[in-house]
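As they're listed, the protein sequences go chains A and B. Note that the numbering used here gives residue 35 to position 35 of the first sequence, counting from 1, and the numbers run on in steps of one. Note that the numbering used here gives residue 502 to position 293 of the second sequence, counting from 1, and the numbers run on in steps of one.
Careful: at least some of the hints might be erroneous.
To give an idea of the interface, some chain A residues facing chain B are shown, with a C-beta separation under 8 Å as derived from the structure [stated by the list, open to error]: (1) Ser16; (2) Ala114; (3) Arg118; (4) Pro134.
Which stretches of chain A does chain B cover? Using the computed rule of at least three CB atoms under 8 Å from a CB of chain B, they are [what the hints assert, rightly or not]: (5) 24-32; (6) 50-59; (7) 100-111.
Keep in mind that the hints were calculated from the coordinates and are not lab data. Heads up, the beta-carbon is just placed ideally off N, CA and C, and yes, glycines get one too.
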Amino acid sequence: MSTKFLIDNAKLIELSINENAEEIEKLDQEIGDGDHIFNVQRGIKLVIDLEPTIKDLPMSKALNTIAMKVLSGIGGSSGALFGTLFMTLAKGKNIDSGVDFNKSVEIFYDAVQAVKMRGKADIGEKTMMDVLIPVANTLKELNQKEESMETILNKVIEVAREGMLSTKELIATKGRASFLGERAKGHIDPGARSSQIMITTVCESVINS
Amino acid sequence: MKKFMNNADDFLNESLQGFKMAHSDIVNVHFDPSFITRSSKTKEGKVALISGGGSGHEPMHGGLVGFGMLDAACPGYVFSAPTPDQMVAASEAVDSGAGVLFIVKNYSGDIMNFEMGAEMLTGKSATVLTNDDVAVEDSSFTTGRRGVAATVLVEKIVGSLAETGASLKECKTLGDKVNKNSGTMGVAFSSCTVPAAGKPTFDLGLDEIEFGVGIHGEPGRRREKIKSSKEITDEMLEAIMEDLKPDNNGELLLFVNGMGGTPLLELYLIFDNAMKYIESKNLKVSKSLVGNYCTSLEMQGASITLTKLDGEIVKHWDSPVNTAAMRWGM
C-alpha cells in the first residue's frame, strides 16, 4: 500500500458514493436529520484535495494528515469516527517501512476497535459498526487461516452487505436514530450503507488491480 | 427552498461575520477554526464555560456568549457537531488557568467531538451533559434523552456561578443539578430545511404536528392531527410533569421556547395556557422566559421547559447577564 493507493481509492469511493448519494440522503431523512451524505461527500473531497500534500509523505504522516483533515473538516459523528479510524491507522507499527496485505489487515482491525470505543457502539445497535466490526473480524479470521487475498476480499464484500442489510430490522440504541425507538425499524442505517459502499469499493479495486 | 443565502458553502461564515460586526461590543468571532469568544479576556481564576453544537439553533450558543454566561462557543456546520480543533482553539483562548467547563447537548456527534477536544487539552476540564428532552425514553443502553432548550438555562445559571470565582467542580455540580431539575417537550408544526440539503428534513401534512420533535427536525413520539393550543400545551406539560414530578407548592421556572418560525404572539399564548395548567396542579411559576432561544432554523413549533427551582438556582437566574441574545440587570 502506498499514499497513491489512498488517493486512488478515495477517488473511486467518491464516484461510488456520488452514485448512491440520493439513496443515502433519503435513508438519513427517514431516521436521522439528512446531513450524513453531505458530511461524507465533504470528507472525501477534503481527502482527495490532500493529494499534493501527502503524496511524498511517509505512510504514518500521510494517514495522520488525512485524520486531522477529516476530523476538522467534516464535523458531526462521521468526522469523529472516521478521524479516529485514520488516526489509529497512522499509529500502526512500522507502517513507514511498507504495508502489505497482512499489515493492512492488522492495522485496519485495530482502527475499527478504536472507532468502536469512540462511538461506544457495538454490533446490533443500527450504526456503521454493524458493517465495520464484521468486516474487521472476517479480515482477521480468514487472514489467519491463510486464505487467498481474493477469497478474503470477496467474503468481506459479502459480510459488509449482510451487515448493512441487518440494520434494517434493528431498533437503534446509538446515534440519532435511537431517538425514534420502534419507528426506526424497517429502515437501513445511512452510516452502515455509506460504510458498506466504501468497503466494497476498496475491496473491488484491490481485487481488480 | 427560499433562504437568504448566496451559496451553501459560505452560508455559515457569512452569518458569523455578520454576528461579529453586529455585536462587536460583546463578542469576537475567530475563524479557521471558528469559535466565538467574549470581546474581553477571561478574568484570572474564573472557570471558562464553553459550549457548542451544530449551527441552526441560534441564538444558542454564540448569542449566549458574554458576561454572566458563556466564555466561548464553537459553531459546527448546520446541524453538525463542531470539531475538536475548534474546542481546543477556544479553550486555549479563554482558559485563565481555572479550567474549562464544557456544556454539551446529549447527541452522539457532539459528545464524541467534545470528548476528543478535551483529550487534546493540556489544562483541566469537565463536562456537563444536558439531556432534558422528556420525549425520548431513557435507558443506560441507548444514547438516551436529547439535550435541548434547558441547555440555555444551564448556561445562564452556571455562567452566573462561574463569575463569582467558583471552582470547576462547583460549576459542574450546579450544571448537573439544573439539568436534572429540568424537563422539556417540543412540538413541530412544520419541518425545516438544511441549506446544504435544499429540501425539508421531513414532510408534515398541513394539518399534522410532530409531538416530541427534536431540535433538528428529527421525529419525536408521534405524529397527530393539530388540536387547540390548550390541548397541545396540556399534553406537553403532562409529559414533563410525569418525568419531573415537581413537589406540591414547589416553585418552577417556565420557559416557552420558539423553534424559529412561530411568532412571539403565539409563544405568549402558550405561556398563558401553560400557566393555567400549572396553577391547576397547585404549582407556582416564579421565573419565566419566553422567546426564540433554542431554534431549529425556520421550523414552526415550540418547546416548553420546566425547571424546579431552589434558592441557589434563583439567585443565579436573576443575576446580571450581558450577551447578544439575553441581557438583564446590567
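The hints, checked one at a time:
1. A least Cβ separation of about 21 Å between Ser16(A) and chain B goes past the 8 Å threshold, and the interface hint is therefore violated.
2. For Ala114(A), the interface hint is violated, the least distance from its beta-carbon to any beta-carbon of chain B being 11 Å, above 8 Å.
3. For Arg118(A), the suggested interface contact is upheld, since its CB lies about 6 Å from the closest CB of chain B, less than 8 Å.
4. With 8 Å as the threshold, the beta carbon of Pro134(A) stays out of range of chain B, its nearest partner Cβ sitting at about 20 Å, so the hint is violated.
5. For the segment 24-32 of chain A, the proposed coverage by chain B is satisfied: 3 residues have a C-beta within less than 8 Å of a C-beta in that chain, meeting the threshold of three.
6. Using a Cβ-Cβ cut-off of 8 Å, 0 residues of the segment 50-59 of chain A lie near chain B, which falls short of the minimum of three, so the contact claim is violated.
7. Against chain B, the segment 100-111 of chain A contributes 0 residues with a C-beta closer than 8 Å to a partner C-beta. That does not satisfy the three-residue criterion, and the hint is violated.
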